[in-house]
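Undergrad: Let the hints inform the model, and build the full structure from the sequences given.
For reference, the chains in residue letters:
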Amino acid sequence: MPTAQQVACEDVVMFVNAAIASTAQREFRDEAGAQRMSLGFLHEYVLGNYRELYAATLALDINHLNAAMIVTNLLRHASAAGDTQRAKEGKLIAAALRGMPPQRVYGVFGELRRLGVNNRRCRAIVRDWVAGRPDPAFDAVKYRRSLSVAARHAHLSLPGEVGTALFDWRRPKRYDTPILESWRRAHYEQKALYELPYTVAEGLAARHGIDRARFLNGIAPRLTDLERIRLQSSAARHQAGAVAIDLATAPLTRLAVYVLSLPRPQRAARRDELTAALRSAAARAARRRAGTWGRVVAVLDDSYSSAGSAVKRRRPLAVALAAHYLLEALSAEYTGMWLTHRGDPLLVHPVGTTGLGARIVDALEHRPDRLVIVSDGWDNAPVGQAAEVLRVWNTRLDPAGRTSIVHLNPVYDSDSFAVRRLGPQVATVGVRDAEDVAALVELARFPTGRAGFDALRTHLADRVERFLAEDTQAGTQ
Amino acid sequence: MKRIDLAGLTAAPAQTWGAVRLVPLLRDEPVTGLRLHADVHDDGELSIVQSGRRRAYISYIPHAFVATRSAEGAPAAAYGTQLHDPAVPAESDCIRLRFRGRLTRRENRGRLRFLPLHLAMEGYLALQFAGPSVAWQEWTHQAVAHGLSPRVEASYCGAAVPGLQDALRVFEIHPGQCGMVLYVADALAAAFVVPHPDDYRALHPSLLQDFYGELVYQYAHLYPAVNDFSVRLDETRVGSLADLRASIVESQAQWEEFHRVMAGGLLDAEDLSFTKVNRVGRFTLSRFRPAFNPDVDNHIGETITDEAGRLVYLKTFRLSAAQTRRGHLLSQLAAHDWNLDETARALGADRQALTLRLDRAGFGHLLRPEVIDHSRAKARAASRR
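Residue numbers (the numbering used here), protein chains in the order written: chain A, 1 to 477; chain B, 1001 to 1385.
Watch out, some of these pointers could steer you wrong.
Unchecked claim - Just some of the chain A residues that point at chain B, by a computed CB distance under 8 Å: (1) Arg29; (2) Phe41; (3) Ser303; (4) Thr340; (5) Leu347; (6) Val351; (7) Val361; (8) Gly384; (9) Leu397.
None of these hints come from the bench; they were simulated from the model. All C-beta atoms, glycine included, are put in the ideal place defined by N, C-alpha and C.
TA: Here's what the structure looks like:
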């Protein structure tokens, strides 16, 4: 492979990894500012050099923050693209916006307004997205400020009473749209606020001085799934029984975060329930891939650094825990190895050093078909031992590559503009949600130089096609 | 005992962050008879500590340690951090002063409270504190009558050392860790050993409140980062996974050896002079000071040892070059009964050079002004010639 292509390949894979893993929040070792700046630079760099591939990344499982950043950047620098490229980007942007949570999309619109990006194409994108929303009146209540910003910026004409509710809300004595009427009444009447979304009702409840426990019990039917899982400890504190979650429907990584938020005695007491929930979530995530991976051994990092930061509490550990259950579902025969923890994985706790090297040797003794390492890559006991073990393994003990080794890294390292790698021979892939692991492993063949730049392009084009097809399918349903 | 012996403690691989390298020390078997916990004082106040009759030691003291002796072998838990009720403060004009009693105090049977490092520092400051033993005419009346008082040394709080806070925050504590050797720009800055892993866990943040020498502060500013020493395995000798495991074990042994070289300045210092300060049961609290050889590292510190001489607690402070020189000059003067000519001969210099050296080291006020003036004039005349 020519050097230029190899560099391009590395750059794009580096960017994809970052776009999957980084949330520009504080990590264990990096401050939020450093993460934000580093990620911002990476976006500018890839946009400037590989615009086509930059847009195509929207089709991968990148996180919402990065999807929003990509959309904003593409619209900001639209003049740099030709007509055909712009048409292609337009489709990707529309599909990506439809897949993102509404608050993120409104965030993009607000950012466009702040940057003064306003042209016909931009306005059309905003118009189409708002028109595609199932209930504009609901948005006018829940995302009131954001919708009004978007409407003013893109000169939207809003249907029926929505415009009135946003811009002339003092005049009407009553609304005909039920949710707008509830919203009006909730300002005066306590009962009406239980018909509103949780985020809106919470503020009004505080204004009415409603007791927290009563409020939580009343609002419970209106909670979204993520709000429900987030409110668990608060509900337990106030003994609001109505907020109980149905563990059977929660997504795997969220569930792992929730499990790790419980104190260890509680985890031990609810062991069967929690384990069953994690197993079923993993089975749902694995779907038809279940049992197809052969003999898998995982080395999972439970060192102190997997405690994450105040804003991402135990996130790396939760990813490792979720990966443990997912790999169990994906493989025919599975062994999970924690660095310090022994026994039931449910009780894992972030403590100790990251001695990956010795543990990898333990793992390789099982002679697995696949070795998966979930770690932030700070191999420090001693430094670089994991890289050496893997190098010796690759050169001396398994030159044919019978065992495929992949390193999943949930932490973006702002200094190196990438997720930290264990060594040049091992593919490192960024990971945010363990559910995506099966898809991410496909990407793992690119960074080691085993597959070329053309293969990467083809792979991305393929993913884009699939992404757009899925989007039209979802649109027609 | 003449030297620091880290027997029973093994060095684990270092973790680096910026210019700071932290080497954890592990104990195979924790010491159960003695526990330490921190006793945090209200911050921002100067403390006066009584250190003998008509002597006072003034310093900023953020925390004290309490050593608790439990029944032999009985299970004991760490006390964790405890807040002390402020004692009745003595109001002065602008700075609040607090009287801490003595540097070490028996709180009750089996409990001893002591101020970490201050014990060692006081030992260093009190060196030849009484002043000239023979009233040679070169020394001022003040020096002969009142000694070196007031004797002042400066040090830096750990929080002021750039990068140390982050390095301690991201450090991953070993499950069995009982100590830490701290290097800044690969210069040994401090060593810290406690009896039990739980104590270490509780006292790890106190490393940030300790004080460090000038050298540590400057190195942390001047050196942006130290290199990690990565492991190299020899792949030609590996034919199976068992070989691979063996070469990992071998590299650990190399690491141990390497650490002995790194910490040589402290561990190989031969003629440390130890002074016993206090005893709790079978444990002895003592402080040590080096021989003040200006050519090597000089560490002062304090230790607790059990009856077999095994190290249970250790805390050290690295003296800066200037501090070492001061210690060296004072010990040399004392060794020759404060006679300038004899001391100068012992140091391989003449009387005039020694006078100027004393002046530069901050002891000019001990000599009569005309003695210094005379030396300065001679030095000027020599340089003109």
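Undergrad: Determine for every hint whether it applies to the structure shown.
TA: Going through the hints against the structure:
1. Arg29: Holds, because the Cβ-Cβ distance from arginine 29 of chain A to chain B comes to roughly 5 Å (cut-off 8 Å).
2. Phe41: 21 Å, violated
3. Ser303: 5 Å, holds
4. Thr340: 6 Å, holds
5. Leu347: Nearest chain B Cβ about 15 Å off; hint violated.
6. Val351: 7 Å, holds
7. Val361: With a minimum Cβ separation of about 5 Å from chain B (threshold 8 Å), the hint on valine 361 of chain A holds.
8. Gly384: Hint holds; glycine 384 of chain A Cβ to chain B Cβ min 3 Å, cut 8 Å.
9. Leu397: 7 Å, holds
The structure is inconsistent with the numbered hints 2 and 5, although it conforms to all the rest.
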